[in-house]
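Asks: One-letter residues, chain by chain:
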Amino acid sequence: MQLAFTLTVCAFLIVPVLMSMTAGVTLNYMTGVSGGITTQWVEKVLTDYRGPILLSLQLAIACLACTLLLGIPAAYVLAKRQNAFTRAIEELLVMPVAVPGIATALALIVTYGSSGSFRTSWLFILVGHVLFTLPFMVRSVLAVMSSIDLKTLEEGARSLGANFTQRFFGIILPNCSSGIIAGSLMVVTLSLGEFNMTLLLHTPLTQTLPVGLADTYASLRLEVGSAYTLVFFVIIVPLLIAMQWASNAISQRKRT
Amino acid sequence: MAPVAILFAAFFLLPLAQLVVIGGSGKLGWSAYLAVFTETRYLKSFIATIALSVGVTFFTLIVSGITGVFLERNRFRGRALLTAMLTLPLAFPGVVIGFMVIMLAGRQGLVPDITDLIFGERLVFAYSMAGLCMGYVYFSIPRTILTVMAAAEKLDPRLEEAARSLGAGPFMVVRDVILPALKPAFLAAGAICFATSMGAFGTAFTLATRINVVPMVIYTEFTLQANVAMAAALSFVLGGITWAALAFARSLSGSSVAASG
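If you read the protein sequences in the order shown, they are chains A and B. First residue of the first sequence: 0, per numbering that gives the first Met the number 0; consecutive thereafter. First residue of the second sequence: 0, per numbering that gives the first Met the number 0; consecutive thereafter.
Please note that a few of the clues may not be correct.
The calculated label-pair distances, taken between Cβ atoms and stated as ranges, are [to be verified]:
no.	chain 1	residue 1	chain 2	residue 2	range
1	A	53	B	40	36 to 46 Å
2	B	165	A	172	54 to 64 Å
3	B	40	A	117	31 to 41 Å
4	B	16	A	121	24 to 34 Å
5	B	171	A	241	40 to 50 Å
6	B	13	A	174	29 to 39 Å
7	B	250	A	37	45 to 55 Å
8	A	202	B	13	20 to 30 Å
Which stretches of chain A does chain B cover? Using the computed rule of at least three CB atoms under 8 Å from a CB of chain B, they are [claimed, not checked]:
no.	stretch
9	13-22
10	188-196
Below, a list of computed lysine to any residue pairs in the SDA-like style, where the Cα atoms sit at most 20 Å apart [claimed, not checked]:
no.	chain 1	residue 1	chain 2	residue 2
11	A	79	A	151
12	A	79	B	3
13	A	79	B	4
14	B	153	A	251
15	A	79	A	164
16	B	182	B	65
17	B	153	A	247
18	B	153	A	250
19	B	153	B	71
20	B	43	B	132
21	A	79	A	68
22	B	182	B	251
Simulated from the structure, these hints should not be mistaken for laboratory data. For every residue, glycine included, the Cβ atom is placed at its ideal position computed from N, Cα and C.
Please model the complete structure; the sequences and the hints are all you need to start from.
Replies: As structure tokens, this is what we get:
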């Protein structure tokens, strides 16, 4: 009984994914796979929406770089100094995730919307993505940092004459690599799929992959929308699987 | 730490403050915030969104509860795969989830095909409230299932055996033993689910019907009516609600992961 129910829930989540993936390569959705298989829709998407796809990848990588540079030091400070002030900071950092993306986007637009060149550049979207993904990087790294004994490790290194730079890159970073990897995968996945904020932040010249998706769903035939979704899945599903694998690795290490 | 603080102050706190000010600078002045609760159109949309989110939350918790406890209790081949499949849509954007609903219940979808076979009638509900609910449940299950599974892991089977040996039926065991033990996890997962549903935008955007969830109202106020002040006021109230729900979740579990829906 319960197994049947679980399988139904699974089917509910997975069947439409598979349906859209096959629809993206069929000649005509109404006749189904038997009507013939084609790559013409995928090719159409790859030529027509090349810009948005590349921009999304560019955004995701830039976003990852920013969150690594900002997030790891922030997590380090939060892990070292645990007091009311740092807890308040932690609480604040999570706010962009708690507040709906559309509200954050609106706030950014009313503040910086009038500064023309910034508003129309892709950096405007990047700011939104960094705000939204930073908490995931910080939390992920912080979780690992607070599970290892930073203090002992650092004191050991210091007593052997390592300076701060050596300690940070030689001791701290390698020890929380699992958190950094998990956080990085999360940041890239979320940035690639971000829509709520990006819809308001983007301009016709800075269209991203998910915004393009909405565009095809609304105006083009089902096969093209499916093909575009297929392209998106091909990019995002390996990342999601890697993410599950990374979080499993962390929880297994914690158990042993 | 300093760079984070600067970035954060410049690009989040300042804009948020600006949002509050803009909200009070329109035709209505500060009473725009009052209009959120007095103007029928906005109030209705808030009530509809809250009702939708509460309904979706309850339904998701029931589904995730049954599935999560089952997956945690039983070890079998393919269990890891099932768990992986259930959490896979975690980072799908709302637009894609809207499209998944169209795949299932849209004009050329699977559900209409099935009802056509059985009842000879095509049941298309993707573009209605039911379709929206379906989409929201779709993105809520992956967000709640892991929390439920983690809590189910700590359930003590001996308590259930004791209850059974004292004559409790299956229903009573679930009601008096399992549910109370899972309550904190349900509250935390439920709050996350509720907050995500309140702020979700992409799904409603793709299904694009007459459904007026608050994020859609904000979008139309801003883009079509150019009523920035009202959009700001609505955003601020909506943000307050979701933030409060998530703060509640964090106070219970100490951690919350909620990605946009």
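Asks: Each hint needs a verdict: does it hold in this structure or not?
Replies: A quick look at each hint next to the structure:
1. A:53 - B:40: 36 to 46 Å: Roughly 41 Å apart at Cβ, these two residues keep to the hinted range, so it holds.
2. B:165 - A:172: 54 to 64 Å: Distance hint for residue 165 of chain B, residue 172 of chain A holds at roughly 55 Å.
3. B:40 - A:117: 31 to 41 Å: Holds, at about 34 Å.
4. B:16 - A:121: 24 to 34 Å: holds (25 Å)
5. B:171 - A:241: 40 to 50 Å: Because 44 Å falls inside the window, the suggested range holds.
6. B:13 - A:174: 29 to 39 Å: holds (36 Å)
7. B:250 - A:37: 45 to 55 Å: holds (54 Å)
8. A:202 - B:13: 20 to 30 Å: Check passed, 22 Å falls within 20 to 30 Å.
9. 13-22: This one holds; 7 residues, not fewer than the three required, reach chain B with a Cβ under 8 Å.
10. 188-196: holds (count 7)
11. A:79 - A:151: holds (12 Å)
12. A:79 - B:3: Within the cut-off at roughly 16 Å; holds.
13. A:79 - B:4: holds (17 Å)
14. B:153 - A:251: Answer holds: residue 153 of chain B to residue 251 of chain A is near 17 Å, not above 20 Å.
15. A:79 - A:164: holds (16 Å)
16. B:182 - B:65: Holds, at about 14 Å.
17. B:153 - A:247: It holds: about 18 Å lies between the C-alpha atoms, which stays within 20 Å.
18. B:153 - A:250: holds (15 Å)
19. B:153 - B:71: holds (10 Å)
20. B:43 - B:132: holds (17 Å)
21. A:79 - A:68: holds (18 Å)
22. B:182 - B:251: This hinted pair holds, its Cα atoms lying about 10 Å apart.
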